[in-house]
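Sequential numbering from 1 applies to the sequence shown in the working numbering.
If you are wondering where the hints come from, they were derived from the structure by calculation, not from laboratory data.
Since we're looking at a predicted model, the values are computed, not measured.
Do not rely on the hints blindly, as some may be mistaken.
Claimed, not checked - Keeping only pairs whose Cα atoms sit at most 27 angstroms apart, straight-line, the calculated BS3-like set for lysine-lysine is:
#1 K701 to K839
#2 K735 to K763
#3 K679 to K763
#4 K776 to K763
#5 K448 to K422
#6 K776 to K701
#7 K701 to K679
#8 K776 to K839
#9 K422 to K453
#10 K422 to K512
#11 K701 to K763
#12 K679 to K735
#13 K839 to K763
#14 K735 to K776
#15 K735 to K839
#16 K735 to K701
Stated by the list, open to error - Label pairs and their calculated CB-CB ranges:
#17 D449 to T775: 39 to 47 angstroms
#18 L376 to S124: 52 to 60 angstroms
#19 N690 to V77: 56 to 64 angstroms
#20 G647 to E462: 26 to 34 angstroms
We treat Cβ as the ideally placed atom computed from N, Cα and C, and that holds for glycine.
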Amino acid sequence: MYLLVLFVLLAVGALLAWRGFVVAGSFVAIGALAFFGTLDLWAEAIWFDALGYAARFWTFIGAEAGMALACALLALVGVALLATPARRLWSAISPWAEFAGAAGGAVWGLGNWQQVLLFIHRTSAGVAEPILGLDAGFYLFTLPFLEVLQGLLVWILVVTTASTAIAVLRWWRSVGPRADEGPIRAPVATVSITLGALVGAGALLAIPRLLYSGQGVTAGPGWTDVHVRLPVYLVLAATTVVLAASPLIAPLRRWVGRRATHLARSPAPSVLATAVTAWAFVAVTWAVLGGLVPSAFQFLAVEPNEITYERPYIANNIRLTRYAFGLDRVEQRQYPADQALTRETIANNRHLLSEVRLWDWRALDAVYQQFQEIRLYYEFVDVDMDRYQVDGQYRQVMISARELSHDSLPAQSQTFVNRRFKYTHGYGLTLATVSDFTPEGLPNLLVKDIPPKAQFASLRVERPEIYYGELTRDPVVVNTAEREFDHPSGQQNAYTRYQGGGGVEMRNLWRKILFGWRLDGTRFLLSGYPHPQSRIMLHRQIEERVQRLAPFLTLDGDPYLVLADGRLYWILDAYTTTRRFPYSEPFVPEVDRAQASGTPDAGYLEGVNYLRNSVKVVVDAYEGDVDFYAFDPDDPILRTWRRALPGLFRPREEMPAPLRAHVRYPEGLLLAQGLVYAKYHMDDPEVFYNQEDLWVRATEKHYRRIEPVEPYYVMWELPGSDRAEFVLMLPFTPKNRQVMIGWIAGLCDGDNYGRFLAYQFPKERRVLGPQQVETKIDQDSYLSGQLTLWDQRGSNVIRGNVLAIPLDDTLLYVEPIYLQAETAAYPELRLVAVMHGDKLSYAETFDAALQGLFEPGAGQVSETGGAMTPASLRQVGQSANAAFARYLEAQGAGRFADAAAALEELESLLAQFATAQQGEERSALPVD
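Produce the entire structure from the sequences given, and follow the hints as far as they go.
Structure below.
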C-alpha cells in the first residue's frame, strides 16, 4: 500500500509537469520522496534511541548533512568563480554549471563524510615513519582528508572545463574560426592554470603516498622511491604549474609589446595552440621523469645489487609492519622441546591432560543436532570453545546456542503471523566438556534439553530465550494479541509473554503506520495483532546489529555465546583496521578456505596493513542491548572514534566481571598475526630478503583432507606458573618441511589477556610436526589396516585435529579418531592416538593410550582397537540390515551390479561385527 501511494504521488507530479505545471509537479514529486525518506529516517532514529545511541545516530546524520552542504557550497562557489570568464561568452551556461557543481559536490560529501569526521577528531599515533618524519596519524587521518578535498576540486574543475568548452564552442560557431581569440583567452587560461595547480598539488600528494608504495622489495618506499621518485615529484609539481600558465604568454606579449615595438609587430601565438602544446609537454615530462627515469634507475642501478641498496628500507618495513600488526609486543622465547616424558610429568600435569579436547567441534555439532535440536525448527549454528568454573574446577567446554530458524518451519507454517508474532525466539543452549564421554560414547552434557537442565548451580539458565542471535534475521513483534511460542513441552507447547525492554515500543498509531512502512505494509497495519504495549524487534542478527551501530569496525567471523549469572550474552570481537598505515605490508590470507561452519580464515582482513582487536562487543540475547568496551585505549583509530563519538565506547574496566571472565584471544586475530609473523619474525634485513627462515602453518589430515592447522584453544600452564590458563595456539613448520619449528600463543585469562607469545624450538633438535604425526599413524601396520577396514563402504573414518599439547618442556601429540556409519546421523569416538617423540600409542580412551606410552607394548592396541560400544554395534547392525535389503531389492530387479555392491558392503559390515566380537574376548590395554 505504501509503495502504491508513493507511485501515485510520483505519477501525479509527472502529470502536472507534463501539463505545464512544472513547479507544482516537481513540488509533489519531491515532497513524496522526501516524506517517505523521512519515514525511514524517523524509524532509524527511534531504533537508535531505544538502544541508547541517539547521539551516535545524530552525529552521523549531522556529519553527512554538514559535509554534503559544505561540499555543495564549495563546489557552487568554485564553479561560479572559475566559470566567470566563460559566462562572458554565454551567460546561460552559468546556472547549469553551478547547479551541476553543487549537486556533484553534495554527492561527493555524502560519500566522504567519514574521512572529514576523522580528520576533525584526529589523534597522534605516537610512531613516525622514517622518510618524511611524519606521524602515522597523518597517513590515517590527514592524508585521506586532503585526498577528499582534492577529489572535490577535481569535480569543480571538470564542471568548469565542460562549461568553458561548451561556451567556447558556441562562441566559435557564432563568430567563425578567423575571429580574434581575445574573448576566449581568459576562459582557457583559467582552466589551464587551475588544472596545473591541481596536477601540481597531486604531485605533492604523491610524495606521502610513496609510503604505501609496492614497487620495491617490500611495501613502502625503497631506494628508487626515496632517491629518484621523491625529487622527481617535486620537479614535476613545479614544471606543471609553470607550463600550465602558458596561456598567459599572449597577454604578457601585449603588455611587453607596448614597450617593445618589434614584439608588438610579431604575431601572437594562438591561445588554444599554446595550451595544447604546453599540456602535451606536461604529459611527456610526466612519462619520462615519472616513469622512465625511475624504472631505469631501478633496473640499471638497484636490481644488480638489490640487497645493498634496499637493506635500510627493508629494515623500515620490518619495524613498521611488526608495529602495525602488534608483533612489536611479541614475547619471543626458546622452547627446549625436551624429549623426556615421564610418569612424573604426566602426574604433575594431570589437571591439564584432563582438559585435552577429544571432541572435534564438527563431530560434536552433529551430535548436538541429533540429540539436542529437539524440534526441526531449532538449529545449532556453531560450536564455540570457552572455559567455565564447574564444581570448583576450571574446565574447558564447548558451547552452542539453540536458535530458532524461520526457514526450517514446515511449508504450511510459513505464514505472516507465525514469522512475525508467534515464533520469535530460540531457546537455551547445550554445553559439554571437551574430554568427557558417557558409556554410550556421547558427550557429557553439563547443560542440555528444554527447559535447560544444568548439572551444577553455577551453570543454571534463568533466562534461556534467544531473541537476538546469529540466525535471527527477521523482525518480530512481541506482546501482541497472538500467543508467543516459548518452547515445546512434551506433546504440547508452552507459551510466554515477553517481559523485557528490548525492541521499540509501539505506543501509538503513528508508530504503527511507520513500522508498517518499514515491514509489511497493510498486512502489519491491518492485522490487529500489535497494540500500544507491543514491542517490535528490528535488526536482530547480532553482526548486522553491531554493524549498524558501528559500521567502521571490522567484526571477527566467530561470535560466541556466554552464560553469565543465568543469562545469555553474545561476545563479538571487533577490529580497528586500515589500509593506510605507512611502510606496512598488506595482509594476504592463505587460499580462501572459509567454510560454512565458521572456521576462521581471516579472509575478511585481506588488504589491511594495520590491525588491532580494540573493541569487545556484548549483545544481550534477551534484551538486545549492545555495549562496546574499549580494550586497547592506545589504538589511535579507536582514540579518534572515541573523540568523535564520546558516548559509544565504555572502558574495559566497566565490563561486568562474569563477562570479563569469558573474553578470548580471537582466532581470526591470532591467525592473521601468525601469518604475518611467519615472515616477519626474521628481523635481519638480509635474512628477510633471502627468505632464509620462512615459516608456514603446520598441516594435518583432517576429515580425510590435508589442510593447514587452525588455531586451537588449550589449557596450559605458563612456565613458572602453577595455574592453568586458557590459551589459543598455532604451530608452524619451516617452508617445504614438516618438522615443527615453533608455535605462537595468545593468552586469554586475567591480567595476561592479550599477551602474544612466540616459542621457537632449537634448530638442531628435530620436533615432529602434526603432518609427521599423521604419517606415523598411517605407517603403523596394524592401525593403518584397521582404519582402512573401517573406512570401507558403509562407514567413514574421521580424523580429528592433531593437538600439540605443551607439557613442561616437551610436547605431547593427541589425535582423536571417529567412526561414522553412512546411515548414522553422528560419529562416535573410536580411538585416541597419542604420540611423544617416536613413540605412538592408541586405544579406546585417552587414558589408556597415554598409559601405553610407558608400557612395553607402547604403540600397540588390541587387534580390533577395542570393543565397539553398544551404539556402534547398533549402527553396524542397522547398516547391515539396510545393505541386505538393498541386495534383495537389486537382485529381484535384475540389477546384478548393484546387488554385488550391496553384498560387498554387507560382507564388510559383518566382518566389522565379527572382529568386534573377537576383540571383546581379548584383554584390553591396562587403564590408568
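Hints versus structure:
Annotation: proposed proximity of K701 to K839 holds, straight-line Cα distance about 19 angstroms (limit 27 angstroms). Pair hint K735 plus K763 holds up; C-alpha atoms about 14 angstroms apart against a cutoff of 27 angstroms. A hinted pair counts as satisfied when its Cα atoms are at most 27 angstroms apart, and K679 with K763 qualifies at roughly 17 angstroms. Distance restraint check for K776 and K763: the Cα-Cα separation of roughly 22 angstroms lies within the 27 angstroms cut-off, and the hinted pair is therefore satisfied.
This hinted pair checks out: K448 and K422 have alpha carbons roughly 24 angstroms apart, not beyond 27 angstroms. Taken as a hint, the K776 and K701 pair is honoured in the structure, with Cα atoms around 12 angstroms apart against an allowance of 27 angstroms. Only pairs whose Cα atoms come within 27 angstroms are accepted, and K701 paired with K679 is accepted, the gap being roughly 24 angstroms. In summary, the hint linking K776 to K839 is supported, as the alpha carbons are separated by about 9 angstroms, within the 27 angstroms threshold.
Proximity of K422 to K453 is assessed by CA-CA distance (about 25 angstroms); at most 27 angstroms being required, the pair is judged to hold. In summary, the hint linking K422 to K512 is supported, as the alpha carbons are separated by about 18 angstroms, within the 27 angstroms threshold. Of the supplied pair hints, the one linking K701 and K763 holds, its CA atoms being roughly 25 angstroms apart against a limit of 27 angstroms. For the hint linking K679 to K735, the alpha-carbon distance of about 10 angstroms falls within 27 angstroms, and the restraint holds.
Straight-line distance between C-alpha atoms of K839 and K763 comes to about 21 angstroms, which keeps the hinted pair within the 27 angstroms bound. With a CA separation close to 20 angstroms, the supplied pair K735 and K776 stays within the 27 angstroms bound. Of the supplied pair hints, the one linking K735 and K839 holds, its CA atoms being roughly 26 angstroms apart against a limit of 27 angstroms. This hinted pair checks out: K735 and K701 have alpha carbons roughly 18 angstroms apart, not beyond 27 angstroms.
At about 43 angstroms, the beta-carbon gap between D449 and T775 stays in the expected band of 39 to 47 angstroms. A C-beta distance of roughly 56 angstroms is found between L376 and S124, which places it inside the suggested range of 52 to 60 angstroms. N690 and V77 have their C-beta atoms about 57 angstroms apart, which keeps the hinted 56 to 64 angstroms range intact. A C-beta distance of roughly 30 angstroms is found between G647 and E462, which places it inside the suggested range of 26 to 34 angstroms.
Every hint from the earlier list agrees with this structure, and none is contradicted.
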